[in-house]
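Colleague: We have chain U already, so just place chain L on it with the hints.
Protein sequences appear in the order of chains U and L. Remember, our numbering sits 945 above the position in the first sequence when you count from 1. Remember, our numbering sits 945 above the position in the second sequence when you count from 1.
The set of hints was computed from the structure by calculation and includes no laboratory data. Warning: the hint list may mix true and false statements.
Since the list gives no way to pick out one identical chain from another, each pair is judged satisfied if it fits inside one copy or across any two copies.
[To be verified] With a cut-off of at most 30 Å between alpha-carbon atoms, the simulated DSSO-like pairs for lysine-lysine come out as follows:
#1 Lys953 to Lys1051
#2 Lys1130 to Lys1286
#3 Lys1051 to Lys1224
#4 Lys1018 to Lys1051
Values in this document were obtained by computation on a predicted structure and should not be read as measured data.
There are 2 protein chains.
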Amino acid sequence: MIKTLTGKIDFAESLRGQSATFILSMSNTKTANIEGITQAGIPGMLHLTPTLDAEFLCTGEVRSLENIATTPKGVPTPALMSRAVHLLHPFRTIELLNLGLDVTPKVDYFTYHDRGLSPSDSIATGANIDALAVFQKGLEFGQTYTPKSDYVILGESVPSGTTTALATALALGYACEDKFSSSFKNSPKNIKKEVVESALRNIDPTDDLFAILSKVSDNMLIFNAGFILGANDKEYSIVLAGGTQMACVLLVVNRILELMEREIDATKIALCTTKWVAKDPNSDIQGLLEMLNFPINSYYTDFDFSLTEHPPLKLYDEGEAKEGVGAGGTLMYGLLNGLSKEAITRKVESFLG
Amino acid sequence: MIKTLTGKIDFAESLRGQSATFILSMSNTKTANIEGITQAGIPGMLHLTPTLDAEFLCTGEVRSLENIATTPKGVPTPALMSRAVHLLHPFRTIELLNLGLDVTPKVDYFTYHDRGLSPSDSIATGANIDALAVFQKGLEFGQTYTPKSDYVILGESVPSGTTTALATALALGYACEDKFSSSFKNSPKNIKKEVVESALRNIDPTDDLFAILSKVSDNMLIFNAGFILGANDKEYSIVLAGGTQMACVLLVVNRILELMEREIDATKIALCTTKWVAKDPNSDIQGLLEMLNFPINSYYTDFDFSLTEHPPLKLYDEGEAKEGVGAGGTLMYGLLNGLSKEAITRKVESFLG
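Same shape as in the complex, but just chain U (with noise of 0.2 Å):
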């Protein structure tokens, strides 16, 4: 089942029957390096990934490093859900996006994206981003780029994203302190409260837009800002595949607007997120999303693992990982092509052994 956060079902009910090409944008920020700030991934290996995650969901196979991605307490990727919708129901194609990797994806023959960006720098001491030449670059991808296919599934892997989309939104202006998602089941709020203050503490009175972006932001929430404002005379559709992160870029997206005094046709994009981020108590997508000054029609999908007995999955239906690599909105692909729940979990634990 799909449920509606903001706007009317229609959209998603639209989707049934059509292709999707599936897009993850990967980045790195320094930022994932600072102690505790994400379990999304293994410590001391975080900035990989980004790598494993991708190479995952392209190939079933994780080529960078020995094991998949899990976190300390061992809770698996999200990828996982992505991949297990597309060996269930394909998508069209899959294609990577390289935002700023520190290690490229061992993966052949996939569709690979790369503007030459580096890795950003921990927005607690500045992310050095050029946040104007990456927008650009994201605006100049999204008029170029036709997907073969009737729709695209906009995901993400970004290590520490979350605090990165927090200082983001904060310092754009954005009442959001407690609306902003974590990869913990109990966000490390004091060590994520200091990183974002640190670097919004780096804004200078006289910063503009793009300046503030530079300082406190990430690559994959200022390409896709561009991404979503270039596509936006195109006839395809784009889902937003993840929770307050794609939020943000969707927040970074209505600044942009309002300071170019342009509107944007808001109804071929959408949100679609996990239900783990939709209930989850210490964080309000729903809230974010209504401070856009357009509507939005966002969704999840109401998917979890209550039909499993395995451990590291039920750590998710306790509050852990919550999204990434997608996970919202490939799965909302499969339930519109007739997947069921007891399916896509049967195929997710066939990766566990």
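Modeller: For chain L alone, coordinates are given in the frame of chain U:
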């Protein structure tokens, strides 16, 4: 299982693995306001039936009334079957074809064809249709329409449509008094007979084909006859998804061809109905199809509700409702794509809560 009524199974078999657009053609005729003429809907709100069918088919929700259309006996709309198939193995797209509705379906994002037709009057006093104009609109639609799929499944929702179909076929000189189906198990032959006789009395000996259709027919029958003729040199096939009303569309096509002294290549047209129509002792769809001057492939789906215990669904097996909203053709599409009778039954049950 798909069973052959006329022709050979080959046409149906050639559709395995092909993508299909489901077009729901809808119209109102005031004939439905005659008390006891149909049970396709809620008494006093029969005009809403196609609107509610479209809403439920597309979105899973009924929006123009609190509850989904059921007959006074509690027989739920056959839209349940079309929706079940769409959830289990989606059509490429669903498109709505408004051929004169009292109330527009509240559905966004779905392709909606509106040719500016108004609901027609009761045939008891003269339907008051500009049949030539409606036919030409259908012809033009067929000539210009191109589906995003390999073939089209054309369904209908027209309350009291079997009465207008019977009147139409009789007025066009087909000896078919006892060949038309009814949404009732025990067809209200007297009321229906009286209405049809009133309709036929309005015909003047000097009336030509289109003058006759203007008095005794409905927009769906006339428009779709044009659609079929207009699309006849197109690449795609059309499956008429329905019972005796869709057979009547072909009877209209047949008379028009006689009038124009033309022939049709009917190898890209077929009809598929439900088992309940095919096995109905009170009507004879095969007999109707054998009146055509051209050979036609026609089928029925070997689907019934023997696997359910739900009393409202069991009424279908007792002979109520029988067909509509493309049920026969959509069930064929489902069966051709690997869906089991059990899977479809379970999905239909899920709508009843």
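Colleague: Each hint needs a verdict: does it hold in this structure or not?
Modeller: Structure-based check of all given hints:
1. Lys953 to Lys1051: between (40 Å within a copy, 11 Å between copies)
2. Lys1130 to Lys1286: So Lys1130 and Lys1286 pass the 30 Å test inside one copy only (23 Å; across, 38 Å).
3. Lys1051 to Lys1224: Classified as between; 29 Å across copies, 35 Å inside a copy.
4. Lys1018 to Lys1051: Intra 27 Å, inter 48 Å, cutoff 30 Å: intra-copy only.
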